[in-house]
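Trainee: Dock the two chains into a complex; use the hints.
Single-letter residue listing:
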Amino acid sequence: MTTPQDVREEIVSTVRRFVEREVMPVASELEHRNEYPHALVKRLKELGLFGATIPQEYGGLDLDVTTYAMVVEELCKGWMSLSGVLNTHLMLAFMLKTHGSDEQKRRYLPGMASGEHHGALCLTEPHAGSDVQRIRTTAVRRGDDYILNGSKMFITNARSATLYAIAAKTDNKIDPPYKGISMFVGEKGPGLSVGRDLEKLGYKGIETCEVHMEDYRVPLTNLLGGKEGQGFFHVMSGLEVGRINIAARAVGVASAAFHQAIRYAQQRETFGKPIAEHQAIQLKLADMATKIEAARLLTYAAADKKDRGERCDVEAGMAKLFSSETCLEVATEAMRILGGYGYTNEFPVERYYRDAPLMIIGEGTNEIQRLVIAKQLLQRHKI
Amino acid sequence: MKILVTVKRVPDPNASIKVKPDGTGIITDNLKYVVNPFDEIAIEEALRLKEKSGGAEVVLVSVGSKTAQEQLRTGLAMGADRAILVVAEQELDSLAVARIFHKLVQDEKADLVLLGKQAIDDDANQTGQMLAALLGWPQATFASKTDSLESEAEKSGTPGIQISGGAAKVVREVDGGLETLELPVPAVITVDLRLNVPRYASLPGIMKARKKELKELAIDSLGVDVKPKLKILRLDPPPKRQAGRKVGSVQELVQALHNEAKVI
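Residue numbers (our numbering), protein chains in the order written: chain A, 1 to 383; chain B, 1001 to 1264.
Isolated chain B (complex conformation) (with noise of 0.2 Å):
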């Protein structure tokens, strides 16, 4: 079985974002980046089922700058077999990324391909989906499981999704509760939150990631079309939160929901 993984380079979730005075961006001076939290999660989930199959191979791919490399050799580092990145310095939307993740699915010949739910960038939450619609091929979003992320089989490294006979079974979160999912494989899953912790990196696995393969591939040689089909206009920080009111009494707490915020 070969499971393809994207990976995207996104800016430290635990950083502080800065949008640009004329709002065409962020301010990127000192920022640093990570692999999506949500592609790692994947990543570990494919890592699991190689383990637990013995016979997976496991690609990395990603669209971006040659700088995420960086964030491909951490996914290698982690036990991924080796890489391919797609170097584009322009800015592509999502259906661009997914008709590319399309080429590399086919060229490859994988038979399962997961994606974080979204980056947490733009939090689009768009690429699998369309990808699975390109490819013509069963999709879950927002993988999880039943198992909490403190128990036993979390911690033995179980995978979340099981795979056997030519089907995945995948729990994904919905509102309000749990759905378990079958569909056959190939097929495109997009992973959420609480299905697993990822590992990070040992040391011997960094040093070992240098000598995998990682191969760039020039966003032009794909055929593939990537013509924006959208523009980002502007970007606005989120409003200044404003202070909270502290009250004196449950009382006075139920009737401040009831009368004023009227959520009661």
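Isolated chain A (complex conformation) (with noise of 0.2 Å):
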């Protein structure tokens, strides 16, 4: 479904207003006591964005792709923590609704539209990111149940979250070992242990963690849609619409670096006049603006041709490749342009160019991206 453009335009002002009021004075505070924005989270449930992609039965508002993607643009201008906060909980509904159940469905999604249950999503091991089928977490089956045993890294939202979906080799022995990955979808209980919170460099606020199973039990009716051996197919349908998120954030990051630039460019004088007058500013601002705006193209492009039900994998790399470059660059230059100030925590340039790197590596680093555009491109072109 796609979300008509005057509900677009109205549901992307309204969250424009409640970053711009309640989330821009207090994100740099926050965000340098690295405290989890309890308050903040509260109304991104009252304002129903923990359904934003979730279907209106179960009680979301069923956006699509292009939507969601600004609606986290406007929250990144902000802080971009808070995008952190709904993805991996979108995620899961997202695996959810494409692959669940009716009986899971009905069982969750209602919860996870109301925000009553966080979800998390246990993907990523310590020696395994994008290299997905190494993973070594293992599901066994006893009863009505399954035994998971195994150590998850870089979970976001792990502490916070009441609902997990956790890739686990039910198959260790079958050849590719990615038919052998099984999804589960699991409560937060006995077994179950969140370990300590990394320190980042940016990123701040939302915790991320290692997450530890011993024995954790999970019953036979929450292995995502009821059959062993489908996880890989689960976690990769999911990689285009995160691609989508993480070059909306980008978009978002770098837009509010820019702001921040020319608002400064043109208090600051030296020489006698603004520096906003120099062309060695006017040059910078034009290249930013620039790149910014194509990069916001290429991700609107690629969730459209999501929301018309296409695939996208090489749209939805590129606008993730050139955003994330562009913000990391963008981000840099207003450093420059604030020149010792951007350096102080007075401004929230410093914030920006901390939280810039995390796309770059974040869903797939810029050069599996790359990889996997020019191979896609390969088959596209094939002579």
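These aren't lab readings, by the way, just hints derived from the structure by calculation.
By construction, the Cβ of each residue, glycine as well, lies at the ideal position given by its N, Cα and C atoms.
Be careful, since some hints might not be right.
To be verified - Heads up, simulated DSS-like pairs for lysine-lysine below, C-alpha to C-alpha not over 27 Å straight-line:
id : chain 1 : residue 1 : chain 2 : residue 2
1  : B       : K1018     : A       : K273
2  : B       : K1052     : A       : K42
3  : B       : K1246     : A       : K45
4  : A       : K42       : A       : K105
5  : B       : K1155     : A       : K42
6  : B       : K1050     : A       : K42
7  : A       : K42       : B       : K1246
8  : A       : K273      : B       : K1246
To be verified - So these bits of chain B aren't anywhere near chain A, every CB distance computed over 10 Å:
id : residue
9  : K1002
10 : I1017
11 : P1184
12 : V1185
13 : L1203
14 : L1217
What the hints assert, rightly or not - Beyond 10 Å from chain B on every Cβ pair, some chain A residues (computed):
id : residue
15 : E35
16 : Q56
17 : F347
Mentor: Next comes the structure, spelled out in structure tokens:
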């Protein structure tokens, strides 16, 4: 379903207002204290954002990917971590709505839409990120349960989550190995423990942790889609939307950095005039804005393709690659324009500068992104 | 109880407004439009009164171009029940708008009309007063409240206007303080800035608003005299603000205020 244009505009402008009034005034302070934004998360729930992409029959808003990307962009203009609160949650919801059985959807989606349930994704392990098929967590069937054992790494929202999508091997011998991966939807409970919070360069306020499973029991009915060996496909099906999400974040953070820079450039004077009147600064501003606009359009184009039900792995990959590199560049340029002040924590530019690198690494590094894009292009243009 | 709330489509107060070189209007390219902020406070107050009484209906009314639908939808998304848009493409003065509202109040048999004290585009501050005169109803302008906007009462959504036993109690802003009035209902009340902090629409509210009734009426169908009594001759941008001056000490400041500015 596509979201009607007038609804899209209204939703995006409401989120923008929320960000301007409630997020921007407190974001840097919470970030510097590395404090979980409980009050803002509550507001996200009240606004209905926990159900952003969940079907209306389960109490969600059923926003299309384009509108969701715009919402993410607005949130990230205020504080990138807020979109992190939502992203793993909605990725889990996406897996449930796409691959879950009717019973699984009925059991979990309404609670997720209202924010009663908060979702996290447990895919990455200490030694396996993009190379999903090398995961070592195992799930062994025993009676009416599966018994899960293993460790997960870099798990966003691990502590605040109540519901986890967990990739585990149900078959260790099968070749190719990815066919042995299954996906489970597990509720917080005995056997699943959240380890230490990882200290990060940016992306603060929201916890990223290790998750350990020791004889953690998940009922048979919580095997996603009710069939073993489908986990790899479940992960892959979410990648396009995941990349569009990262691209939209990057556009949001880059826009915030640019906005700060162009304001500052008109206030700060050197040699008797505002620095915005020096060509050196003008050239930077023009390049920054042009690249941001290109990144935004790539992101919208990929999202639009997804909304039309077409495959968009190349487009989503390009959007993610270009937007995240743009974001890093724009954040750096913004810091140059703000000079010494940009390096202090009096201005949010230092925060954008620390948040930006997440996007070149998360959701598949840009190196692997290029490989995926090239591989697909070679297939499309085979002679 | 039926509460009518007026909604005007106005340029975003945060936008920088530029006057056309020939002074006939403002440049509207790339201009964003919003609900007049004072009207938004009126909508919020109506919703609070409804939530408190449990039985009220909140009807939004607007006069203007078809595009004012957007602002009415915003009000519906906040929680109003339905909306009426009188479609008019021509320029209308305050009296014409008051006459249109007068007709709508009679047709709708409203018990209370809430308006923003003024619209932020022309700052006329006339429509509410004119409407009260046309209806022959009591009026209270610049409704405010004694509680601060940070108070618990405000956070819990308590209305500032109190209605009970066929009377409205209104605290209003006057020079140098607050004045409390009691007036019989039906009445016209215009609201000021410190009456409440308006909610914004929840996203599910935005979805629901699409299904609510938004009735359009042609201005000619109302049989109201809307011939302008007022003609705008030209618009001029405000003079450019002069740079301030830094003084070295308090003494110097006092001297300057006394001898040059002659304000103390």
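Trainee: Tell me if the straight-line CA distance from K1050 (chain B) to K42 (chain A) falls inside 27 Å.
Mentor: This hinted pair holds, its Cα atoms lying about 25 Å apart.
Trainee: Evaluate the condition: distance from the CB of Q56 (chain A) to the nearest CB of chain B exceeds 10 Å.
Mentor: violated (7 Å)
Trainee: Are K42 (chain A) and K1246 (chain B) close enough, with their CA atoms no more than 27 Å apart?
Mentor: Answer violated: K42 (chain A) to K1246 (chain B) is near 46 Å, above 27 Å.
Trainee: With a cut-off of 27 Å on the C-alpha distance, tell me whether K1246 (chain B) and K45 (chain A) pass.
Mentor: violated (48 Å)
Trainee: Per the stated criterion, does the least C-beta distance between L1217 (chain B) and chain A lie above 10 Å, as a non-interface residue requires?
Mentor: Holds, since 21 Å exceeds 10 Å.
Trainee: With 10 Å as the threshold, tell me whether L1203 (chain B) passes as away from chain A on beta-carbon distances.
Mentor: violated (4 Å)
Trainee: Beyond 10 Å from every chain A Cβ: check whether that's true for K1002 (chain B).
Mentor: holds (26 Å)
Trainee: Grab the minimum beta-carbon distance between E35 (chain A) and chain B and tell me whether it stays above 10 Å.
Mentor: holds (22 Å)
Trainee: Does the alpha-carbon distance linking K273 (chain A) and K1246 (chain B) stay inside the 27 Å limit?
Mentor: With a Cα-Cα distance of about 19 Å, the restraint between K273 (chain A) and K1246 (chain B) holds, given a limit of 27 Å.
Trainee: Within a Cα-Cα threshold of 27 Å, do K1052 (chain B) and K42 (chain A) meet the stated pairing?
Mentor: holds (24 Å)
Trainee: Taking only the CA atoms, is the gap from K1155 (chain B) to K42 (chain A) under or equal to 27 Å?
Mentor: Between K1155 (chain B) and K42 (chain A) the Cα gap is close to 15 Å, so the pair holds against 27 Å.
Trainee: CA of K42 (chain A) to CA of K105 (chain A), is that 27 Å or under?
Mentor: holds (23 Å)
The earlier numbered hints that this structure contradicts are 3, 7, 13, 16.
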